[in-house]
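> Residue strings, one per chain:
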Amino acid sequence: MPDFCGIQLAHRVINASGTYDAIAARRVYGDALLADFPFAAFVSKTITPEPRTGNAPRRIWETPAGMLNSIGLPNKGLEGFLAEDLPRLAELPVPLIVSVMATGRPEFSRLVETVGGREEVAAIELNVSCPNVHSGLIVGEQPAETEALLRALRPLTAKPLIVKLTPNVADPAAVAAAAEQGGADAVSLINTLKGSAFDPRSGEPALAAGHGGLSGPAVRPVALQQLRAVHAAVGIPAIGMGGICDGADAAEFIAAGAALVAVGTESFRDPRAGSRVAAELESGRPAGALA
Amino acid sequence: MSAPFGRRLCEVAGNRESGGYRVFSLLDREGPEPRPGQFYMLAAEERWEQRGARPFLPRAISVAETGAAADGVRLDFLVEGVGPGTERLCELAPGERVWVNGPLGNAFREPREVSPGAAGAILVGGGIGVAPLALLRRRLAERGVALRVLLGFRERAHSGGLELFCGAGGDLCPEVRLASEDGHAGHRGYVTDLLAAMLAGDDAGSAVVYSCGPPAMLEAVRVLCAEHGVPSELALESPMACGFGACFGCAVPKPEGGYLRLCVDGPVLPGESLAEVPVHA
Numbered sequence: 001m002p003d004f005c006g007i008q009l010a011h012r013v014i015n016a017s018g019t020y021d022a023i024a025a026r027r028v029y030g031d032a033l034l035a036d037f038p039f040a041a042f043v044s045k046t047i048t049p050e051p052r053t054g055n056a057p058r059r060i061w062e063t064p065a066g067m068l069n070s071i072g073l074p075n076k077g078l079e080g081f082l083a084e085d086l087p088r089l090a091e092l093p094v095p096l097i098v099s100v101m102a103t104g105r106p107e108f109s110r111l112v113e114t115v116g117g118r119e120e121v122a123a124i125e126l127n128v129s130c131p132n133v134h135s136g137l138i139v140g141e142q143p144a145e146t147e148a149l150l151r152a153l154r155p156l157t158a159k160p161l162i163v164k165l166t167p168n169v170a171d172p173a174a175v176a177a178a179a180e181q182g183g184a185d186a187v188s189l190i191n192t193l194k195g196s197a198f199d200p201r202s203g204e205p206a207l208a209a210g211h212g213g214l215s216g217p218a219v220r221p222v223a224l225q226q227l228r229a230v231h232a233a234v235g236i237p238a239i240g241m242g243g244i245c246d247g248a249d250a251a252e253f254i255a256a257g258a259a260l261v262a263v264g265t266e267s268f269r270d271p272r273a274g275s276r277v278a279a280e281l282e283s284g285r286p287a288g289a290l291a
Numbered sequence: 001m002s003a004p005f006g007r008r009l010c011e012v013a014g015n016r017e018s019g020g021y022r023v024f025s026l027l028d029r030e031g032p033e034p035r036p037g038q039f040y041m042l043a044a045e046e047r048w049e050q051r052g053a054r055p056f057l058p059r060a061i062s063v064a065e066t067g068a069a070a071d072g073v074r075l076d077f078l079v080e081g082v083g084p085g086t087e088r089l090c091e092l093a094p095g096e097r098v099w100v101n102g103p104l105g106n107a108f109r110e111p112r113e114v115s116p117g118a119a120g121a122i123l124v125g126g127g128i129g130v131a132p133l134a135l136l137r138r139r140l141a142e143r144g145v146a147l148r149v150l151l152g153f154r155e156r157a158h159s160g161g162l163e164l165f166c167g168a169g170g171d172l173c174p175e176v177r178l179a180s181e182d183g184h185a186g187h188r189g190y191v192t193d194l195l196a197a198m199l200a201g202d203d204a205g206s207a208v209v210y211s212c213g214p215p216a217m218l219e220a221v222r223v224l225c226a227e228h229g230v231p232s233e234l235a236l237e238s239p240m241a242c243g244f245g246a247c248f249g250c251a252v253p254k255p256e257g258g259y260l261r262l263c264v265d266g267p268v269l270p271g272e273s274l275a276e277v278p279v280h281a
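Top line first, the protein sequences correspond to chains A and B.
Its first residue numbered 1, the first sequence is counted upward by one per residue in the working numbering.
Its first residue numbered 1, the second sequence is counted upward by one per residue in the working numbering.
Honestly, I wouldn't trust all of these hints.
[What the hints assert, rightly or not] Per the computed footprint, the stretches of chain B lying under chain A, defined by three or more beta-carbons under 8 Å from a beta-carbon of chain A, are:
{"id": "1", "stretch": "2 to 16"}
{"id": "2", "stretch": "54 to 61"}
{"id": "3", "stretch": "254 to 267"}
Please keep in mind that the hints were generated in silico from the structure rather than gathered at the bench.
Please read these numbers as outputs of a predicted model, since none were measured by experiment.
Positions of the beta carbon are idealized from the N, C-alpha and C atoms, including for glycine.
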């Protein structure tokens, strides 16, 4: 039974934040979702201090072996999350990891302190792909910003803090090392790669926001190399993700140093991809790249 | 009844040409009977992201008709090949298998659920959007609901699915009226011309309008119904990666601000709940 930062898990496959709405899925599939829950832990969509409606459509675009998305973190805000979503997520049969993001240090602190104080929450994932309103810099792109944020948040909770690393930097290992230095318990990677596509019919950007995040099998080799580099640079565990579709993919991430793996886009194609990947990883189903 | 959790493989039971579209059938041994307006996420088992390219995501296709099969439900889908996913679905050969997730989404409400005084239903379909109205027409007819069906097509090459509106004898059901922009069948012009004339008549006030089709047509239907105070049930379409509320891609603006997710809050929305039918490219 894998132990992750003191949390006992039934297997090594969890979900990537923002790729599975367990509450909506339960409405669609009923309690069969709970009886056969696909993930060993559930990571919530990112919660922000205030409610967000998300970006205008168009929000998604299929690309070769993947997709672009620009969803814009729609969520009910901290108060709405605590009142409406947390009680439902607490009914899931697995530990709950809550993803949080804020643009200011006091708001980020309030999120971590409040969410960390809830017994339903096993760990907190910090989404640092956001600007610091004071410096204007994207926190997760700057080792110094990342370390400073962790130093501020670390004393606020005893729960494990996981830093979700952005791949859109030259040296993700430096950011991971800074997160560890600041007191992070784990890192997770990769977030989506910045990408764009143009609608051939209009010549305009395919997504209303102009650009989005690329995910799916297309990003897998990039994710594996970043994971290798990060694993070599830090002593804390890493959650590896990026285009995992089956057990053989997951095994590559384990080989590259991941303690856990996360399934994201593949769940869109197969709502039970998490349990399938876990079973395939367990059985060691081999599949070479040229098979 | 909920959809089975996860996706399942269903065998292709047939695939025929239909007025420029294709109608293919899947044999579903596990799922419940879908309700009119519901949809499935479909992806061919083979030659679907096999070469690391497109199609990658499953495609959301509403069910056009169902039937009893030897040991399950036969699901008929009307598709037009407009991209790599729908083109692959058009090629499906009997014996191949398709990954199926569904039935998903809500369904058209019965006229009495929409409006207690409703005396009948007017179905308005355009192009490939006639699909969900075929199953709806049959279900409402079986319940004895007074029906009128208006179907519009751009041109002869895009006029498929009509046989889904035929009775046992193979003739178009008598309640069906056609419109075509090229005049090859029925009224030359838009199907909404027929609806406008019908709503202007004195007997349409107690009807509920059910519609599916291209956004411009749906918007015209929404406006006509609003003008005449007639409730409408509109089946919308949106880009969609998952179909079960996970991807948040199928955002439709709400008049009061914010967005709903068409997959779990729709795909059928009351016309009165929309400020306008969004145009999704």
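> With reference to the structure, classify each hint as holding or not holding.
Structure-based check of all given hints:
Counting residues of the stretch 2 to 16 of chain B whose beta carbon lies closer than 8 Å to any beta carbon of chain A gives 6, which reaches the threshold of three, so the coverage claim holds. Residue count for the stretch 54 to 61 of chain B with a Cβ under 8 Å from a Cβ of chain A: 5. That meets the three needed, and the coverage hint holds. Closer than 8 Å: that is the beta-carbon criterion, and the stretch 254 to 267 of chain B has 5 residues meeting it against chain A, so the requirement of 3 holds.
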